[in-house]
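**Student:** Assemble chains B and C onto chain A, guided by the hints.
Residue numbers (our numbering), protein chains in the order written: chain A, 12 to 175; chain B, 334 to 461; chain C, 4 to 401.
Hint data in this document are derived by calculation from the structure and do not stem from the laboratory. Glycine included, every Cβ here is placed at the ideal spot set by N, Cα and C. The reader is advised that the hints may include incorrect statements.
Stated by the list, open to error - Calculated lysine to aspartate or glutamate pairs in the EDC-like style (CA-CA distance at most 20 Å, straight line):
(1) C:K198 - A:E139
(2) B:K432 - A:E139
(3) C:K338 - B:E379
(4) B:K371 - C:D330
Claimed, not checked - Residues on chain C that point at chain B, a partial pick, calculated with CB under 8 Å:
(5) L85
(6) K157
(7) F186
(8) T190
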Amino acid sequence: MNGAQVGFFILAGLLIVSSLWVVFQRNVVHSAMALVAALFLVAILFLTLNAPMVGVLQILVYAGAIMVLFLFVIMFLNPIGLEQRRRLWWGFGALAGLLLAGALVPVLTNGDAPRDPVVATELFGGPEELARSLFTDFVLPFEIASILLLVAIVGAVVLAKREP
Amino acid sequence: MLFDFANVLVFTALGLGFVGVNLLIGRLLRPANPQARKLSTYECGEPSTGSAWVNFNIRFYLVALIFIIFEVEIAFIFPVATVFRGLIESGEGLLAFVKIFIFVGILFLGLVYSWVKGDLEWIKKVKT
Amino acid sequence: MQAYLDQLIQGGAFAGMPREVVYAIGMLLAAFIVLSAFVAPLAGVTSWLERRVWARMQSRVGPNRVGPQGILQWLADGIKNLLKEDIIPTAADKKLFSLAPYIVFMGFLCAFVVIPFGGHLIVADLNIGILYILAVTSLVVVGILMAGWASNNKWSLLGGMRSAAQIISYEIPAGVSVLMIVFLAGTLSMQGIIKGQGWAPWDWYLFHNPFTFAGFFLYFTAALAEGNRTPFDIPEAESELVAGYVTEYSGMRFLFFFFAEWGNLYVIGAVATTLFLGGWQVPPLAIFENSPMLLAVAQFVTFFLKAYLWVFVAMWIRATLPRVRVDQLMSLCWKYMVPLSFICLLGTVAFMFVPADGQRITSAAMFGLGVAITIIFFLRVGFQIRQAKPELYFKPHI
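Extracted from the complex, chain A is given alone in its bound form (with noise of 0.2 Å):
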């Protein structure tokens, strides 16, 4: 095992242990800042696959922004002291599990190499081959995705609206 794959064990490992954390603390708030970990993490896995673009983005825009807003809707809610288990949630949540992990059972058995696996280069992950696939393989997407934030922000508009 060499010392990348070193890095990689104690990155997954550390990674694990903060993804559970926020699955099982009590409290939402200290959920919240353990994701707030674990996204981290992700961002230096990405940063190690030579993809510091992704790596940053995932900083920015997860670590950053998305934790924000579900802080704020935390704090909206404010869900303390009214947490009571119910035995359909954990019906539930084992279902979702069974079904993740049945999802994922030909990914962790398949041995084989890949089709066509891509090189990762210095710049693979970088800015400019990000721009470059973006601008000729997936322009429409591209454009589909401002649609679709359009779509949110009028979603949360009129949802707020309801507010009484």
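**Tutor:** Relative to the frame of chain A, chains B and C by itself:
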């Protein structure tokens, strides 16, 4: 490239270490005589009533949501910005500009919409 | 830095040591030097200078007792804070309460990794440099929200929430202004952006076209708001929120929030200098050709002065302008700065289609305009000072 990012990790560690060491030195030097009054929540001298963890205003949520949408938009444009000069030189610049214009324009509609609907107002007008 | 370390290894300076160990030691040393020899004194001296500058602007004296002109005041403040009792309220969430200063401090310190102090004086020239700065500074929001929530104090929570809403709102105009320069420079690396400009003011991106000229002011305003500086300091508005999210903090923990705030001022100035003001570019004089050491010093001084000018302007603004209201703050951002910044962005992109000759003429014209604005500004200030009552010429014994 990994070397560059290792620097970031070192800075993170050093930043955490710096705060930690200073707090540790402080712990050895500073006095510590906690009292119930001293440890009570500060509310300008009044005895505090209730917890601060109450249901907060939804306006913050709306601001955060609009922010995320624009942040994602910026995140999309950043990689494009780095290659734009090259695109102009190769003659594809105008097409790329139109693409960016459409992208920004559609999102701008969202801002205009929430503006028209009055959701950018921090103080809601109460209908009488 | 890697190249330099490799050179040392090649030269046999670290015979017998594995390459990784040398790298690790080098990185630690660099980080330590930046922190203890630059960031800490800088934040400290800024805290002293800020009080002195306000004092002069308000006809007061300010701290002048510790050291010559009071320049060591920050050390005294640091020691005082170190010896203060650390109070964690019983109602607070202890874990998050103690964790928050770490996150805020880390978010601010990490920005220094990519700040280009000179042509070769940079810890790491990341290829995504400027985006990295936006990312790490956005982590500060998490720390502030954490501090506000964990204190379990109404002032703190309100301050934290306001601060978070403010920082994220102003991140949009700031990000779009940065984007303008990225379009012009075609790179995200800090050194690359500086190399796209020249030493002469008319080669700076500030004067590239009218849109970047406006973009600079948009960036500076948004950055002030992100740094919770007056006139945008409503999160810690003393008159309404006691001290905002730091209400319950005391001693060292309190100090670290303000350490980050003062240090962050320099980051704002440094980023503005890199993006708009030509960074460390110095004129190609003959004396620099033979001595790289002199060149490095000249570059460092140029960059530092340019960046610190904006720190001074921030102090000046703080001493001059009253605080805005929270609703004004939000409408200023979303109704004026966001639309304006997007217009500037599209304008800059459209401007890139103008042929090179036209661009040169525009930058010359913009430079002329900039000079004219500066001259008029100083004439006005001089006029006001002459008109002011003699009582204002307070010359305290310093």
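**Student:** All the hints need checking, so say for each whether the structure fits it.
**Tutor:** We went through each hint and held it up to the structure:
no. : hint            : result
1   : C:K198 - A:E139 : holds (18 Å)
2   : B:K432 - A:E139 : holds (17 Å)
3   : C:K338 - B:E379 : violated (39 Å)
4   : B:K371 - C:D330 : violated (35 Å)
5   : L85             : holds (5 Å)
6   : K157            : holds (5 Å)
7   : F186            : holds (5 Å)
8   : T190            : holds (6 Å)
Checked against the numbered hints given earlier, the structure breaks hints 3, 4 and satisfies all the rest.
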